[in-house]
Every structure is written in structure tokens, then in C-alpha cells.
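Student: The lines below spell out each chain.
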Amino acid sequence: MSTDVAITGTDIDDDVHLLSKDLHVWFGERHVLENINLEFPVNSVTALIGPSGCGKSTFIRTLNRMHELIPNAKLAGEVQFKGRNIYDTEVDPIQVRIEIGMVFQKPNPFPTMTIRGNVLSGLRLSNRRTRSEDELVEKSLMAASLWNEVKDRLDAPAGSLSGGQQQRLCIARALALDPDVLLMDEPCSALDPGSTLRIEETVRDISKSMTVVIVTHNMQQAQRVSDQTAFFLAENNNPGFVVEAASTNDIFRNPKDKRTEDYVSGRFG
Amino acid sequence: MGIMTALLGSTVVSLVVRGSKALSFHALFQNTFSISSVTSLDYGGLGHAVLGTLIIVGLAVIFAIPIGIAVGVFLTETNGPFNGSIRFLSQALTGLPSIVSGLFVFSLLYVTGLVPKAAVLGSIALFLLMLPTVIRLSEEVLKLVPQELRFAALALGAPRHKAFFQVIFPAARSGIITTCLLGTARIIGETAPLIVLVSYLPTTNVNPLSEGMATLPTYIVTFLNYSTDFANQRAWGGALTLMILVGVLFALSRYLGRNKI
Numbered sequence: 001m002s003t004d005v006a007i008t009g010t011d012i013d014d015d016v017h018l019l020s021k022d023l024h025v026w027f028g029e030r031h032v033l034e035n036i037n038l039e040f041p042v043n044s045v046t047a048l049i050g051p052s053g054c055g056k057s058t059f060i061r062t063l064n065r066m067h068e069l070i071p072n073a074k075l076a077g078e079v080q081f082k083g084r085n086i087y088d089t090e091v092d093p094i095q096v097r098i099e100i101g102m103v104f105q106k107p108n109p110f111p112t113m114t115i116r117g118n119v120l121s122g123l124r125l126s127n128r129r130t131r132s133e134d135e136l137v138e139k140s141l142m143a144a145s146l147w148n149e150v151k152d153r154l155d156a157p158a159g160s161l162s163g164g165q166q167q168r169l170c171i172a173r174a175l176a177l178d179p180d181v182l183l184m185d186e187p188c189s190a191l192d193p194g195s196t197l198r199i200e201e202t203v204r205d206i207s208k209s210m211t212v213v214i215v216t217h218n219m220q221q222a223q224r225v226s227d228q229t230a231f232f233l234a235e236n237n238n239p240g241f242v243v244e245a246a247s248t249n250d251i252f253r254n255p256k257d258k259r260t261e262d263y264v265s266g267r268f269g
Numbered sequence: 001m002g003i004m005t006a007l008l009g010s011t012v013v014s015l016v017v018r019g020s021k022a023l024s025f026h027a028l029f030q031n032t033f034s035i036s037s038v039t040s041l042d043y044g045g046l047g048h049a050v051l052g053t054l055i056i057v058g059l060a061v062i063f064a065i066p067i068g069i070a071v072g073v074f075l076t077e078t079n080g081p082f083n084g085s086i087r088f089l090s091q092a093l094t095g096l097p098s099i100v101s102g103l104f105v106f107s108l109l110y111v112t113g114l115v116p117k118a119a120v121l122g123s124i125a126l127f128l129l130m131l132p133t134v135i136r137l138s139e140e141v142l143k144l145v146p147q148e149l150r151f152a153a154l155a156l157g158a159p160r161h162k163a164f165f166q167v168i169f170p171a172a173r174s175g176i177i178t179t180c181l182l183g184t185a186r187i188i189g190e191t192a193p194l195i196v197l198v199s200y201l202p203t204t205n206v207n208p209l210s211e212g213m214a215t216l217p218t219y220i221v222t223f224l225n226y227s228t229d230f231a232n233q234r235a236w237g238g239a240l241t242l243m244i245l246v247g248v249l250f251a252l253s254r255y256l257g258r259n260k261i
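Chains as they are written, first to last, in this note's numbering: chain A, 1 to 269; chain B, 1 to 261.
There's no promise every hint is true.
[As the list claims (entries may be wrong)] Cβ-to-Cβ under 7 Å is the rule here; a few derived chain B residues that face chain A:
| hint | residue |
| --- | --- |
| 1 | L59 |
| 2 | I62 |
| 3 | A92 |
| 4 | T94 |
| 5 | E148 |
| 6 | A153 |
| 7 | A155 |
| 8 | G157 |
| 9 | A171 |
Think of the hints as simulated: they come from the structure by calculation, not from any bench.
Every residue, glycine too, gets a C-beta built ideally from N, C-alpha and C.
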């Protein structure tokens with residue numbers, strides 16, 4: 001049984017504290033990702049782009065050990081966080097998920113909790129304490145750009161919010177745990193353009209103090225919010241792989257690989 | 001739709017019209033000690049049968065609900081090698097005829113001498129009838145909770161048991177309450193096992209470990225066996241009382257099952 005160990009280690013590159021190394025992923029016998037080597041610089045936004053089914057969402061779930069919750073999921077290789085492989089047996093996956101937070105594609109606030117209850121739910125679920133719950137609720141909702149819209153109705157049910165507000169509430173809920181990394185799996189795909197822009201503003205704001213990894217099908221969004229971009233591809237039922245990873249500017253304006261150029265220019269995908 | 005409404009409506013109307021003659025406030029506090037088939041409805045009542053039903057059904061419910069829900073949770077939250085078999089058995093036993101349940105308990109527990117003749121045997125038979133329904137319905141209700149909620153809780157660093165008790169179970173609460181109600185409704189009017197296992201007593205008995213206890217179904221059957229008007233009206237009164245009990249249970253479940261924040 002793994003013990004509750006904070007993720008620390010040696011040999012930390014100050015600019016990168018999350019990376020995947022020779023990562024392979026399977027569902028049963030089906031090999032879905034091969035040889036993924038990616039680095040995520042600190043306090044920046046990395047976008048993962050690529051056609052549907054190439055393994056972007058599967059990959060992002062390996063970064064906080066959510067992948068192993070899926071039946072028949074298997075993995076080889078390493079995900080290093082603060083210099084330590086998060087898949088080491090001594091590492092507690094629960095601690096990993098506290099330090100590497102996640103926001104999902106479909107807004108999923110807890111329906112039986114209030115807005116305030118949702119923000120604090122991470123603390124309660126992970127048995128943590130805070131000196132002031134009110135301060136934490138305000139700080140988290142402000143960071144998610146939702147405070148002004150809900151400050152007078154914190155005891156309202158979370159289900160009374162619009163879709164965009166619910167997704168920002170989910171961001172606030174994740175931020176309340178003060179993670180070092182926030183993983184976002186297509187957070188805007190179910191939202192209207194107005195809500196999408198609000199969330200993109202939030203992503204840019206939080207990336208000043210946090211590493212963000214965002215999966216997106218929207219290439220304009222990737223260009224708007226991210227500092228780096230990785231292009232995933234899966235060809236002819238083969239496992240997904242990273243074709244190219246570079247600064248967002250280089251990927252979209254000066255891609256090295258023709259497949260990247262074809263994808264970002266809309267010739268396929 | 002109109003025909004269904006008419007059919008259901010006529011059942012309710014018949015029950016109310018025929019049963020109300022035998023029901024009165026005093027009838028709820030009296031039994032049928034020294035009441036014969038020709039005794040006027042001004043005397044005697046069915047309080048002892050109501051009490052007996054509540055006791056025998058209550059005992060079955062007290063065990064079937066927690067065990068059934070626990071098995072439902074086990075089937076939803078785990079992926080063990082026996083889950084398929086448990087699921088199949090519970091689905092198959094949902095249709096268990098009540099007389100079979102009664103005879104099973106009779107031969108396995110009473111004839112073998114394991115349990116002496118006692119009203120609790122009826123509770124055991126009703127428990128066997130209720131359990132598969134509670135298991136199956138709890139599993140269905142828990143499966144309806146979106147998987148995204150589970151993942152959201154786990155992604156916040158929740159251990160599995162906390163994710164279940166603080167997120168999944170509250171989200172399924174109204175469904176679980178409905179499950180408990182439907183399970184209770186499944187057994188509250190069951191007659192065959194009670195005829196086999198629980199002797200009808202005209203007096204009031206609240207001890208399930210003693211032989212014999214009046215229940216509403218056996219009260220109805222007892223008085224239906226007589227051909228007099230008074231006896232028939234008493235039987236209708238019992239049927240109306242049973243319907244009112246079920247109605248109260250359903251109303252309670254709707255009140256308790258509303259989603260609270």
C-alpha cells in the first residue's frame with residue numbers, strides 16, 4: 001500500500017517539472033499510445049492538438065494517474081513530476097491528483113452541493129483543512145473569473161448555473177486545492193463562444209502561477225492560449241504518437257513536419 | 001389511456017366504497033377477538049392486523065434494505081469475477097413466486113426444526129422476496145449517476161469510499177429511497193407465504209418470535225372465507241387499509257426522495 005508522500009525528488013530542471021518519458025499506453029491488448037516524450041515547462045500553457053481518436057485525452061489522464069481507473073488500462077514508461085516518477089510504487093495516486101488537478105470536457109459540478117460546497121469539496125474529499133473557508137472560496141472563484149457572478153448566491157445549487165459558469169466552477173473547485181499543474185481535457189468543447197472566451201482568459205491568468213496542459217480540437221484556441229503545442233496523430237489503426245512539439249508560434253507558422261502543416265492548415269482532421 | 005384510467009379508477013372506487021363501511025377510527029385500535037362472521041361492524045377492528053403487517057414487513061425491510069443496497073453498491077463499484085453471477089441470480093430471483101418463497105422457508109427452516117413456528121418465519125420469506133428487487137434496483141439507480149461525477153471526485157484526490165459516500169450516494173439518494181419503497185411495496189401485500197408460515201390470530205400480538213400474528217393479507221383471506229356481508233365488508237376494509245398503507249409509503253417516498261441541496 002503506497003504511503004502519502006509528497007511528490008519531491010532531485011535532478012529537477014527548474015523550467016520543467018512535469019514530463020513524460022518513453023510512455024506507452026494500452027487498453028487491454030490494444031496499444032493506443034507509443035513512445036510519448038513530452039516536457040511541460042513551468043508556469044506555461046501547453047496545448048495538445050490532433051484529430052479525434054489519436055490519444056490526446058488518454059495521454060492527459062496518464063499525467064495524474066486517472067488512466068489507471070479505467071478497466072484494462074495499462075501503461076509503460078514514466079511520468080515525472082518534480083523529478084520523481086509518479087508511477088513508482090511508493091507514490092500515492094491520491095496525492096498526485098491533489099497536486100495535478102483536472103478539469104473535464106463536460107462540466108461536472110456535484111449536483112447535491114451548493115456553489116460554495118462545490119468549491120470546498122476538494123478539501124473535504126481529500127481530508128484537508130484551510131484557515132478560512134470563506135477566503136478560499138472567494139480566492140478560487142476569483143481565479144476562475146466567477147466570483148462577481150455568484151458572490152451573492154454562494155448557497156445556491158450548482159445546477160442553477162449556466163454551462164459556462166458550471167465549467168468555471170469546476171475550475172475553481174480544482175484550483176481550491178492549489179495544484180501545481182492543471183490538466184484540462186477540452187474544457188470548452190461543450191460551451192458557447194462567450195463562455196469559451198471567458199475560460200481562455202482564465203487559463204491565461206492562472207498560467208502565470210501554474211503549469212497548464214490543455215487538450216483542444218480548436219486550433220484557434222490553441223493559438224490564443226498556449227505557449228507550446230504538441231501535435232498528436234494516429235495513422236491506420238496504429239498507436240497514437242507525437243509528430244511534433246514546439247512553441248505554438250513555430251507549430252502554426254513554421255511546422256517542420258508536413259503532417260503538422262497539413263493538419264494546422266485544415267487539410268485533414 | 002382513458003381505458004387504463006377507467007380501470008384503475010374503478011378499482012380505487014370499489015375499494016373505497018366497499019371498504020369504508022368497515023373502517024372507522026375505533027377499528028384501528030381493536031382486533032377480532034370474539035368477533036364472528038355475523039358480528040356487526042360496530043364491534044372489532046383491524047388494528048392488530050395493521051400492527052402485525054408493520055412488524056412482519058418491518059423486520060424484512062430492516063434487513064433487506066441495507067443488505068440489498070450494499071450488494072447493489074458492490075456490483076456497481078467493483079469489477080470482481082462473481083459480479084456476473086450475483087447479478088444473474090438477483091435478476092432471476094426477482095420473479096420468485098411468493099408461494100415458493102414461503103414453501104422454501106417452511107421446508108428449510110421449520111420442517112428441519114431450525115426455527116420453531118413463529119411469525120418471524122413470514123419475515124424471512126418476505127426478506128427473500130424483497131432482497132433481489134432491492135439489489136437490482138439499487139444497482140440500476142447507482143449506474144444512472146453519471147460517470148463524470150465519479151471521475152471528478154477521484155480527480156480531486158478523493159479515496160474511492162469518500163467519492164462514493166460524499167458524491168455518488170447523495171446524487172443517487174432519491175433513487176435509493178424509491179428503491180426502498182418499491183421493495184417494500186413488493187412484499188407488503190404478499191399473502192401466500194404468510195398463509196403458509198404465520199397463523200392468523202384474532203388477538204393482538206406484537207412478538208414476532210411467538211407463533212401466530214394477524215396481518216392484513218391473512219385478515220382479508222380469513223374474512224373472505226365467510227359468506228356473510230359483515231365478513232365481506234371487513235375483508236374490503238382490510239384491502240382498503242392495505243391500499244392506504246401503500247399510498248402513504250409512496251407519498252412519503254416522494255417527499256423524502258426530493259433532491260435536497
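Student: For every hint, state whether the structure bears it out.
Tutor: For each hint, the structure was consulted:
1. L59: violated, 31 Å
2. I62: violated, 26 Å
3. A92: Status violated, d = 25 Å.
4. T94: This interface hint is violated because 27 Å lies over the 7 Å limit.
5. E148: Constraint on E148 of chain B satisfied, holds at 4 Å.
6. A153: Cβ of A153 of chain B sits 6 Å from chain A, so the hint holds.
7. A155: Check passed: Cβ of A155 of chain B comes within 4 Å of chain A, closer than 7 Å.
8. G157: holds, 4 Å
9. A171: holds, 6 Å
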